[in-house]
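Enquirer: Chains as they are written, first to last, in the numbering used here: chain Y, 1 to 337; chain W, 1 to 337; chain L, 1 to 337; chain F, 1 to 337.
If you're looking for bench data, these hints aren't it; they were derived computationally from the structure.
C-beta: ideal position from N, C-alpha, C; glycine also.
Please note: incorrect hints may appear among the correct ones.
[Stated by the list, open to error] Anything over 10 Å on all C-beta distances counts as not near chain F; from chain L, calculated:
1) Lys34
2) Ser73
3) Ser106
4) Thr157
5) Trp277
[Said to hold, decoys possible] Within a straight-line C-alpha distance of at most 30 Å, the following computed DSS-like cross-link-like pairs (lysine-lysine) qualify:
6) Y/Lys6 / F/Lys78
7) L/Lys70 / Y/Lys259
8) W/Lys318 / Y/Lys61
9) W/Lys78 / W/Lys259
10) W/Lys34 / W/Lys78
11) Y/Lys202 / Y/Lys78
12) L/Lys61 / W/Lys259
13) Y/Lys6 / F/Lys67
14) F/Lys61 / F/Lys34
15) F/Lys78 / Y/Lys27
16) L/Lys6 / L/Lys61
17) F/Lys78 / L/Lys27
18) L/Lys202 / L/Lys70
[Claimed, not checked] Simulated restraints on C-beta separations:
19) Y/Arg169 / F/Lys78: 53 to 61 Å
20) W/Glu144 / Y/Gln12: 57 to 65 Å
21) Y/Arg169 / W/Ser106: 27 to 35 Å
22) W/Ala321 / Y/Lys34: 51 to 59 Å
23) L/Leu63 / W/Ser106: 54 to 62 Å
4 protein chains.
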Amino acid sequence: MIVVLKPGVTQQEMAKVVERIESLGLKAHISEGKERTIIGAIGDERLLADRTLESFPGVEKVLPILKPYKLVSREFQKEDTVLVVNGQQIGGRRIHVMAGPCSVESREQVLEAAIPVREAGATFLRGGAFKPRTSPYTFQGLGEEGLDILAHARAVTGLAIITEVLDPRDVELVHRYTDILQIGARNMQNFKLLTEVGKVGKPVMLKRGMSATVQEFLLSAEYIAAQGNRKIILCERGIRTYETETRNTLDLSAVPVLKQLSHLPIFVDPSHGTGRWDLVAPMALAGVAAGADGLLIEVHAHPEVALSDGPQSLKPQKFAALMRDLKRVAQALGREI
Amino acid sequence: MIVVLKPGVTQQEMAKVVERIESLGLKAHISEGKERTIIGAIGDERLLADRTLESFPGVEKVLPILKPYKLVSREFQKEDTVLVVNGQQIGGRRIHVMAGPCSVESREQVLEAAIPVREAGATFLRGGAFKPRTSPYTFQGLGEEGLDILAHARAVTGLAIITEVLDPRDVELVHRYTDILQIGARNMQNFKLLTEVGKVGKPVMLKRGMSATVQEFLLSAEYIAAQGNRKIILCERGIRTYETETRNTLDLSAVPVLKQLSHLPIFVDPSHGTGRWDLVAPMALAGVAAGADGLLIEVHAHPEVALSDGPQSLKPQKFAALMRDLKRVAQALGREI
Amino acid sequence: MIVVLKPGVTQQEMAKVVERIESLGLKAHISEGKERTIIGAIGDERLLADRTLESFPGVEKVLPILKPYKLVSREFQKEDTVLVVNGQQIGGRRIHVMAGPCSVESREQVLEAAIPVREAGATFLRGGAFKPRTSPYTFQGLGEEGLDILAHARAVTGLAIITEVLDPRDVELVHRYTDILQIGARNMQNFKLLTEVGKVGKPVMLKRGMSATVQEFLLSAEYIAAQGNRKIILCERGIRTYETETRNTLDLSAVPVLKQLSHLPIFVDPSHGTGRWDLVAPMALAGVAAGADGLLIEVHAHPEVALSDGPQSLKPQKFAALMRDLKRVAQALGREI
Amino acid sequence: MIVVLKPGVTQQEMAKVVERIESLGLKAHISEGKERTIIGAIGDERLLADRTLESFPGVEKVLPILKPYKLVSREFQKEDTVLVVNGQQIGGRRIHVMAGPCSVESREQVLEAAIPVREAGATFLRGGAFKPRTSPYTFQGLGEEGLDILAHARAVTGLAIITEVLDPRDVELVHRYTDILQIGARNMQNFKLLTEVGKVGKPVMLKRGMSATVQEFLLSAEYIAAQGNRKIILCERGIRTYETETRNTLDLSAVPVLKQLSHLPIFVDPSHGTGRWDLVAPMALAGVAAGADGLLIEVHAHPEVALSDGPQSLKPQKFAALMRDLKRVAQALGREI
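Chain Y with its partners taken away, still in its complex shape (with noise of 0.2 Å):
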């Protein structure tokens, strides 16, 4: 950690921050320059975290040189993680989609849509049993009988399911029926939510939130770390801007910049991230472009009267072109679908 001192610091106030620096044994070292004089902590800066030096006075900037994440960083683990699921690895060379519906809403409108995903190759069936909906009087999924229909679902497809938890109280609940956990991105920083999915053994997918950095998005992940389970998958879903052609900006560069900073596998939402079925197709081209690990898409066998989200839906028969264009672009990368 850097702290840049303000031009006409004292020499009393100059000594408070170098004890306050020794004080949590790390080392100071001071250095004047013309115009400014700095000083370095030398030694695990996450020990000065909270920002506390910037309020000592005659101080006039703290600047991080260490990354305030650990376990979800490449730095900490080298290679790449691989998740096993229901026998398919994620992380790895092959590119899996997850697709379906944003709501389930019956077991006939889920299978109208898990059968023709699973057939155009998509690996995973996506389904929200629980909603969080930004108004309380549109519909706010089934919740367990939702569940169930997944669970019904995976049993006739062999899909297996990703759905969300929305509340600390129901993670038990829907780890009985689900083999990844969604944290939505309205969730990303609920970090009661996060604590108890990172005590279960399951794999958790943590979605970006809506104007979440990259680096607190990593530090989101490293809650779910933190508690024990490293079993986790990054979804960069579109980051709220000023456009709004776009029902959010699908920020792909986040693909490869979580890839460096991350050994975690990061997948690609274009149906939130456009918020628009007609543009889904070149983004989830591009999101594997990109370099993405995997793509969640919502398919609706009737996307016009669906109770979420029915714009940002393709229906079967697009979803299944578009799974063919992937598959042509994945190959020419050297990976496949």
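With the hints as your guide, set chains W, L and F onto chain Y.
Expert: Then chains W, L and F, alone, in the frame of chain Y:
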């Protein structure tokens, strides 16, 4: 709701849109222009929520006419909501200042802030017992012990207290201790938590999410109100933008905007809104000038050893000076503090 | 255009809105709903631009139905625009890569980039003679000498050239040297400059402004087209968001969005779009997968001594490797490079 | 400047960084920590600008210590800059309000605004003769005729005038008519225009770009100062964010931030900053409370027929009421209007 059709839409596509609108009990009104045909859906368009019409073939875009929230809107209730807490009227002529440390650390530390802020004119004591922290490795709050310390400070000073609740499982507990339940920015869309505090008959301070629109903010307030709890205070605390000189960008325009759209009291938090103690005073003054009903200000007797948010905490003496300025500005605007 | 009236609007206020609409030759159509009355303005709503109806008493909001741009829109021209420059078709099946140094520094430096990029398959040479620099104290470009160096490189390599013009007074000069005139992001709304390049019969590459919406971007293209110059190429180069891991956030969704709204070719600049050479390859591949008609890539033989943008420049060898990958991905998508 | 090296950096890579630093006359100071080695570059780091060290192999990141601007900084000049224009001191104890129509339309229209704003206490008349418009199809201003109308209004009212210049070719012309040259937000990084107004010995009002950081804003002011013209006024006018209730988000925190970093006077434009006349008054008051030295406010006698920006223009009567409130708030803060 106005449905704009694509140029070249077929009669059959148009008929399906009309059918959908009428199936929900609304009236469809077709209007053919030179370049576009539009359909007006007349009736309670909230029934058409979830943007499903956007997924119909032939539809270019859907423009809502009505607001999606109701109970918290100025249309639903014309006169301002005035809450009475601990004998204090919130939302009336008097502006309230709620001050105290970011985190509760000890009885002594809380009193060292509570006593001078009361003397300077603050009417509520703020302090966090449960802390939502970006990193799992930083101080997470004292939990129930912290609540107990706050209760002690209330007994000593007579100040009512406000403290944050993070977990739906803790609502009952926090409710037993506090006068106002605070929902933090990161939990503005934690719908399970909103639902729980909506079931409790105690005032709730709802902070705006870091990248929440005004509309989403009011929809989150609607979640609480829809459960029967109308004692809600809104709080602007800075939004995320590209600017890095400040931790967040305090969106003071939201104050008069919210005053127009809603009858609820609106507070401003210049401490989190800027992240820098040296900006708290000007932004507190600006918040009051913009029409806020109150302020939330972090005060710590020794910011340089605070366990969180030291850099944005005022020392008691600076807080007292600010209160004197605030009183003069409030008076110039026909209000009082 | 739909004019939504406030609840409680008076007959007189409504009459004034109608009068205004009709005074411009449009037809006003009133529709009374349960909660709101709306007025549809039927005809060329562009005459009602400038949002003036929003300032009428009794008006709540105004919702435009039509797009404010025309010549550059897909509605105006259904088929893709294909430009021919130096015998190369831009906007057709073949994807073009324009590569070279950020700044023109010397004959030798330009050739050290130009020769290898041509060999690797680039079809245009890029390089800046006039540089828009954030600080007045950094290298501002060689000016006409730089143009001369580019012309020399064209003579040697046969590559057509593209270079930026900053000043309306320089359009004539730059025009004499270059094959494509580039308008940089900072000048996307320099309307005087747009007007000048619109008067010249030479292709213009228009880069998206740092915080321009897609609609503003197309309106800037319309400025050029309205002067008679329809030879326009659009270029997505990253937008400003809160994320700091990358210099900008490359908005690849803008590629398919622009393809729908406009008939113009669209390029992607992954060098400026990320600001980091190690992200250029994945984002170039992603750009092509998203449907771009071409790429703009910074290449420098010695990035560590470049006078500008070293950190985002590829070395020739890495560029050649990228071109091989790009060719395979383009082919997988039915295109070629 | 602090250069943070990657873990595993080689001696040779480190030597090259040191060599580069020393080749520019700076001193390199190596400090080896447990997890990272860092190199401090001691001396005038502005020589190392352009981020070139980031492109060296083995470099993880580069952290600047010094500010990149100089002449406009508070370090360079401790006391506030006070400009005298038309006998009025700008930047001193008195707060100035510059008011008038967005566009100059006719002699009558300008006087209908100018006379009442002078009576209400405004000290400058604003009005645009050259208008930067997003669409090529909207009113672009009267040009020199508009300047002539402004000069006439000055003669009639005695108010000094401020008007925008868009084109480097017009600087000489506008200079002949106006008292203050305005650079609009879209031209904040039109460096050729900044250079031209820097050559003229007349005060310049520089508006913050729509997505400019505070640092970029000050660097643009530095462009003007570097040409010898130190008579600069800064103006915050709203930045682009995701929020759509307001046209821009007025960043009032920028006022105290700029006051700390620079000695220049700082104004606030609540008309463009919000885009809505009904928010102008609260945000004007908030701007003054935040410490602004002046305000820029759009006033039009008949906003509903204004050729531009009607929705954000105040009628003279509302402006007069606002001025009364402003005076009281200014007085409460120890200033005057």
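Enquirer: Each hint should be assessed against the structure and marked as holding or not.
Expert: Against the structure, the hints:
| no. | hint | in the structure |
| --- | --- | --- |
| 1 | Lys34 | 24 Å, holds |
| 2 | Ser73 | 13 Å, holds |
| 3 | Ser106 | 16 Å, holds |
| 4 | Thr157 | 25 Å, holds |
| 5 | Trp277 | 7 Å, violated |
| 6 | Y/Lys6 / F/Lys78 | 14 Å, holds |
| 7 | L/Lys70 / Y/Lys259 | 42 Å, violated |
| 8 | W/Lys318 / Y/Lys61 | 21 Å, holds |
| 9 | W/Lys78 / W/Lys259 | 11 Å, holds |
| 10 | W/Lys34 / W/Lys78 | 40 Å, violated |
| 11 | Y/Lys202 / Y/Lys78 | 22 Å, holds |
| 12 | L/Lys61 / W/Lys259 | 17 Å, holds |
| 13 | Y/Lys6 / F/Lys67 | 12 Å, holds |
| 14 | F/Lys61 / F/Lys34 | 17 Å, holds |
| 15 | F/Lys78 / Y/Lys27 | 35 Å, violated |
| 16 | L/Lys6 / L/Lys61 | 8 Å, holds |
| 17 | F/Lys78 / L/Lys27 | 62 Å, violated |
| 18 | L/Lys202 / L/Lys70 | 21 Å, holds |
| 19 | Y/Arg169 / F/Lys78: 53 to 61 Å | 59 Å, holds |
| 20 | W/Glu144 / Y/Gln12: 57 to 65 Å | 40 Å, violated |
| 21 | Y/Arg169 / W/Ser106: 27 to 35 Å | 31 Å, holds |
| 22 | W/Ala321 / Y/Lys34: 51 to 59 Å | 36 Å, violated |
| 23 | L/Leu63 / W/Ser106: 54 to 62 Å | 56 Å, holds |
Comparing the model with each numbered hint stated earlier shows that hints 5, 7, 10, 15, 17, 20, 22 do not hold.
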